[in-house]
Amino acid sequence: MSVKIGEIPYKERIQNGIKDDFMRQAVSSAQGRFRNGRLTQAEALGNWEDWRQLGSEIRAHTMENLDFYLHQLSEQVARRGGNVFFAQTAEEANEYVKNIIKNKEAKKVVKAKSMVTEEIGLNNALEEAGAEVVESDLGEWILQLDEDPPSHIVTPALHKNKQQIRETFSKKKGYQGSDTPEELAAFAREQLRQDFLAADVGITGCNFAIAESGSITLVTNEGNAEMVTSLPDTVITVMGMERIVPTWEEMEVLVSLLTRAAVGQKLTSYITAITGAKGPEEVDGPEEFHLVVVDNGRSKILGTEFQSALHCIRCAACINACPVYRHIGGHAYNSIYPGPIGAVITPLLEGYDDHKELPYASTLCAACTEACPVKIPLHEHLVRHRQIIVEREKKAPMAEKLMMKGFEQWSSHPSLYNLSAKLAKPALGPWVKDEEIENGPGPLKEWTDVRNFSVPQGQSFRDWFKQRQKDGESNGNKES
Amino acid sequence: MKVSLFSTCLSDILFADVAKNTLEILERLGCTVDYPMGQTCCGQPAYNSGYLKEAKQSMKQMMKAFQDSEYIVGPSGSCISMLKEYPHVFAGDPEWEQEAKTFASKCYEITEFLVDVLKVTDVGSTFKGKVTFHSSCHMKRLLGVKEQPKILLNNVEGVELVTLPNEEDCCGFGGTFAVKNAAISQEMVSEKSRHVSETEAEYLVGADMGCLMNIGGRMSREGKNVKIVHITEILNTH
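For the record, the sequence lines run as chains A and B.
For the first sequence, the numbering used here gives the first residue as 2, with consecutive numbering after it.
For the second sequence, the numbering used here gives the first residue as 11, with consecutive numbering after it.
Keep in mind the hints are simulated off the structure, nothing from the lab.
Keep in mind the model is a prediction, meaning the values are calculated, not measured.
Among the hints, erroneous ones may be present.
Stated by the list, open to error - EDC-like mimics (lysine to aspartate or glutamate), calculated; alpha carbons at most 20 Å apart, straight line:
(1) A:Lys467 to B:Asp44
(2) B:Lys63 to A:Glu394
(3) B:Lys190 to A:Glu392
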């Protein structure tokens, strides 16, 4: 797998999403819960805007000095007996991990939830190397059984309801119980426990790496990252190169923002930290620890006007706030990173060829920007993408380009504008029915497919104003 | 106080009453209002679609048209937020940067102007009916104007204001989004229409004709008879 998840064309994906009533019901109710949770927690904190500002400054500072902090992190991990590998591409990262698996002759790998390993397609690479891979995050496990890609970055199986999950468990694992969440979770727990115990290698992602101490921190509600990092002898952490903070102090601020913004919790049930390999004085921890730092297109974003997109802490608050996402679901974005942040970073990571529609899949309502706990101006990035698609990539449709040329002339020449203001009403005349247009011509067609179009009320305001001034003057009542 | 009215192209051409009401409210409150004839469109249709070069031409035209104005007031949070974006658009342009900053500092949305500049919270109007208010995205999120329209509405005699469920959600207009992504837009506006119906209000009030044209057009297509009114109509009814 790559960032892109399939080959279905954009319009078809949108229709598939819109027609999927189960998914829409599940997404809509989850969005409501997450959004209310975020707002309640933000209010409880009292000075949410100050926290956001601090979070934004921490992220900006870290990205400005990313080379320094990555160097510090790698030194610290090495000092604590870990191995560090900087992978420029997905292939390099996969190759490195594959070699460890081969050298260890590992048969079973358990994974904690990680978006970057989805991004680089690590599971496929491991299976090629002959290892069985088991996802241990409940949502990811459900999707793995169902061979379905994630539709959300925090709750990857958000698009599924409990009946569908019951069906998957029964088809793939012989489950015979009910569809109550408790019973389903207990079954998953029992199944996964065997995998944890039998695994040779554990693989995790990374929420925040702490440069100063060389620690990797993982935020979960299920405690599965705890198992993945403590039971297998070998642990590999794969992190996007931007997932780093200077010290524990900044980590505390960002975790406070992350859990509140993501799911409306003050803190998750577990925050797991792993610092290098097991030391001589220590009683637990992996015998062998590897940190793979993945670039895969991120360094190209540094130093550009999109740099703040790297500030993202993957909380999905933007996704949970997005009304477009609510109606089309995550798969419609055709990226493992859906929603507003996905529409911003997917074209940055993989180019515009396959993703040129994403920046337009937004009304620019800015609900995303408002929700973002580190103040990424997401809607502004979408506009900037559109400019690049039009001006640099030259991928805009011809009809639109002509219309915009027309707009330029019309809006910069008041005489043309005045003329159009006079002609609008008579020109639309033939299509008017009961003072509205139900079946418009040309560019109005798409509009009137969905809703009626309003007809000019009478003369334009400017003509009315001119007349009013004239009347005023002739009445000797001169207006300015 | 001298005020220049920015009608917005939509109200100028399609909804002249909105501009007339805005003008009359301002005059009634003692402002001397002029209407620079060189004004056209704020440039948002081109800007938001990625046509920066084309958008800049209309923006320059707007700055020229209003260069002598002291206050620029208009009946749309979205268009005003576009005008306020000019300094960002022309940043680094030696010829227009300063002009854009000066221009943007004079721009106000009508309810913002009434409450924050004129310090008027009761315009002395009367409007009988059950109304619900749709707060437009650009007005509340980009311009930061949230409470002003509600303060004014609450002080109108006879108005019964009921809360619109999921008021903060976008109506699905989004300018060219409405035609470029018509299928998604349809779902969004239909959801908005359902929420409006749930309130059982007779009137849907808003402060942006773009959103109102979208929601109203959909509700009319669905055969619902909720009346769509711009807030200036209510504020200008005696």
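Results of checking the hints against the structure:
1. A:Lys467 to B:Asp44: Within the cut-off at roughly 11 Å; holds.
2. B:Lys63 to A:Glu394: Since the Cα atoms of Lys63 of chain B and Glu394 of chain A sit roughly 15 Å apart, the hinted pair holds (cutoff 20 Å).
3. B:Lys190 to A:Glu392: holds, 18 Å
Every hint from the earlier list agrees with this structure, and none is contradicted.
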